[in-house]
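Chemist: In case you want the letters, here they are:
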Amino acid sequence: MTHRVVIVDDHAMFRSGVRAEVGRLVDVVGEAEDVATAVEAVVTLAPDVVLLDVHMPGGGGIEVIRQVATRLPETRFLALSVSDAAEDVIGVIRAGARGYVTKNITGAELVDAIGRVAAGDAVFSPRLAGFVLDAFAGTIEVAQVDEDLDRLTEREREVMRLIARGYAYKEVAKELFISVKTVETHVSSVLRKLQLSSRHELTRWAHERRLI
Amino acid sequence: MLRRIGHDPEAPRPRPWSGWVGNLWCRGSAPCDDRGVTTTSAPPRGTAPRAVRPVEHRVVGGVARGIADNVGVDVVWVRLAFVVATWFAFAGVIAYAVYWRVLPIGEPVRSDGLDSAARRGLRPSTSSAPMSRTEAAQTAALLALGVGVVLLLQVLGLGIGPGGSLLVPLLVGVAGVAVIWRQADDDRWSTWVVRTTGWEAAGRRAVGALLVVVAAAFLLLGSGGFSVATDAVAAVGVALVGIALILGPWIHRLSTDLTTERRERIRSQERADVAAHLHDSVLQTLALLQKNAHDPATVGTLARKQERELRAWLYGEDGDVPDTVRAALAADAADVEERHRVPIEVVGVGDVAVQGDPDVRALVRAAREAMTNAAQHSGAERVDVYLEVSDRVAEVFVRDRGRGFDRADVGPDRMGVRGSIEDRMTRHGGEADVRTAPGEGTEVRLRLPLRPRTDHQHDEITPEQEEAR
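Sequence lines, in order, name chains A and B.
According to the working numbering, the first sequence is numbered sequentially starting from 274.
According to the working numbering, the second sequence is numbered sequentially starting from 42.
I should point out that these hints are in silico values taken from the structure, not numbers from a laboratory.
Don't take every hint at face value.
[Unchecked claim] Selected chain A positions facing chain B (in silico; Cβ < 10 angstroms):
#1 G303
#2 E347
#3 D361
#4 F450
[Said to hold, decoys possible] For lysine to aspartate or glutamate, the following EDC-like pairs were computed, each having C-alpha atoms within a straight-line distance of at most 16 angstroms:
#5 K454(A) <-> D385(A)
#6 K454(A) <-> E429(A)
#7 K443(A) <-> E431(A)
#8 K443(A) <-> E382(A)
#9 K376(A) <-> E386(B)
#10 K443(A) <-> D474(B)
#11 K454(A) <-> E444(A)
#12 K376(A) <-> E348(B)
#13 K447(A) <-> E481(B)
The beta-carbon is built from N, C-alpha and C at its ideal position, and this holds for glycine as well.
Take the sequences, apply the hints, and build the full model.
Modeler: As structure tokens, this is what we get:
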């Protein structure tokens, strides 16, 4: 099954580049260049996956997700950016994106990531995994821990570390003697924590860190 | 503290022109106030952070907010303290005024790239939230409480001056001074005091002249008894306040003009710097790219090098001397990448200083060797480097998906893995572990236990601590 994809980026050259790279393997149904056109395109086309630039006119990717997510619960968002700001990357994830990859990703990896996101899984690049480990690093007082949302389990931490080390999901699975499906479950769980944790350090950390 | 913690972090509003100045020199993690505004550059560990007046979320001068943030209590208590102190011979007002002069303004440390992106609407607008309704109500209540008690004290005859005749002029005077100070904040204030021409000078002279008149009035009316002199002073005080109010708008406008002018000047200098930088870096790279258009590897390397440089420049993480592991690894990765034309991605979690620690330096050297090996021999398209530093241990993983090798086939004469990586790590109390097999790629894992750094750090910090005190 080919996935229906909308590419949202304010650089036409980048859009055509992505289209050329992934166009044979996924169905690029539309493109948009800013928040307004993106919202319109996504709402009318109802794609499976939206490749979303973090920074673009009209308020950035976050704004698109905010305006569209409730109307189209089936549409998944994959952030694709050169953005260096942890604040913005975490922001777009917390707004509801299912993953984050950098723009220098290869075509094959991007197609793979689109498939994963479309299936409801999360896509973590090494950088994002590094972010997560950094954000959830350190010990926090037990009293401050709001349920389990605010910390990673040992297993999740191991998975994140392997992803940060450049392991693909398959390799992570092999390394930890678990199935790829289990890896996906762990990653989705981390994504959920990243989106829902109200851990103060997370917000604060994202503000402090300027660079991926 | 009534902290707002949430799913929707309120981003701070960047000051129009503090971005460049603030960012190029203030790097590293910095303490944030409760709304995530990074208010100052990072103080070295071990020194008490100095209180600053935040640019945002302030009512008058930001003194109460600054002290509250520094001490770690809710701002309402600080405000209450000032109000209560005011009941005792206006000590609160005086203290507030003194703090206002003494506390520096806290510049938000922001990234230029982000500031610009926010300005152009490429990311959510980062305007600061207005004062919450609760806070406004609290402040109004405090103000009413303060004024009420002061009036009560006057009525009861416990306040300032005989019969409270001085109270009203004094209050008006304080208000006038507050208005002026509010407008002539910091650098503007100093201009106002220092300038010898223009309205500031005129205003200053006027005030000076009036003070002379006051003195004269004292002299002339000295024989008229204390009450007469008091009345005169009160009258002169009112006149002074009146003049201050008359001059206020001009002073304000002039100072605004000055600020605008200064801002323009800074802007044009920035523009010149940007132009110079683009010329030196980007244009040169573009020329090189055109020349090397036939060689994809060179083009890729040039592009990545330029990207790194531009990023470092835009997001302010450049450093001439890499003084932390992460910076050193990034610099080495860039260097190796340039030499061998294989992209190397560095992801880091945590950090530790390199300076003065030969073990950590050895770790960086070993990692560099591993990166070089991966780039040179593996044939992989990309090398992933992951650094993780905790309190007790620093680990570096260098991974490629290249051809891998069989340890048995590597002759004893080959120094790389054994000498430069394994032995080096062992010598420095760490360990190295190479996982590889033909066709499986290679991963080099370096692990270095970190010594407890307390005593070591103590020695380094002490002078600064003393200075801070």
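Chemist: None of the hints should be skipped; say for each whether it holds.
Modeler: Hints, verified against the model:
1. G303: Check failed: Cβ of G303(A) comes no nearer than 21 angstroms to chain B, outside 10 angstroms.
2. E347: Hint on E347(A): violated, closest Cβ of chain B at ~22 angstroms, above 10 angstroms.
3. D361: Holds, about 6 angstroms.
4. F450: violated (15 angstroms)
5. K454(A) <-> D385(A): The given pair, whose Cα atoms are some 15 angstroms apart, holds under the 16 angstroms limit.
6. K454(A) <-> E429(A): holds (13 angstroms)
7. K443(A) <-> E431(A): Cα-Cα ~14 angstroms, so holds.
8. K443(A) <-> E382(A): holds (13 angstroms)
9. K376(A) <-> E386(B): Holds, at roughly 13 angstroms.
10. K443(A) <-> D474(B): Distance ~22 angstroms between K443(A) and D474(B) Cα, so the pair is violated.
11. K454(A) <-> E444(A): Answer holds: K454(A) to E444(A) is near 12 angstroms, not above 16 angstroms.
12. K376(A) <-> E348(B): holds (12 angstroms)
13. K447(A) <-> E481(B): holds (13 angstroms)
Hint check: violations occur at hints 1, 2, 4, 10; the rest are consistent with the structure.
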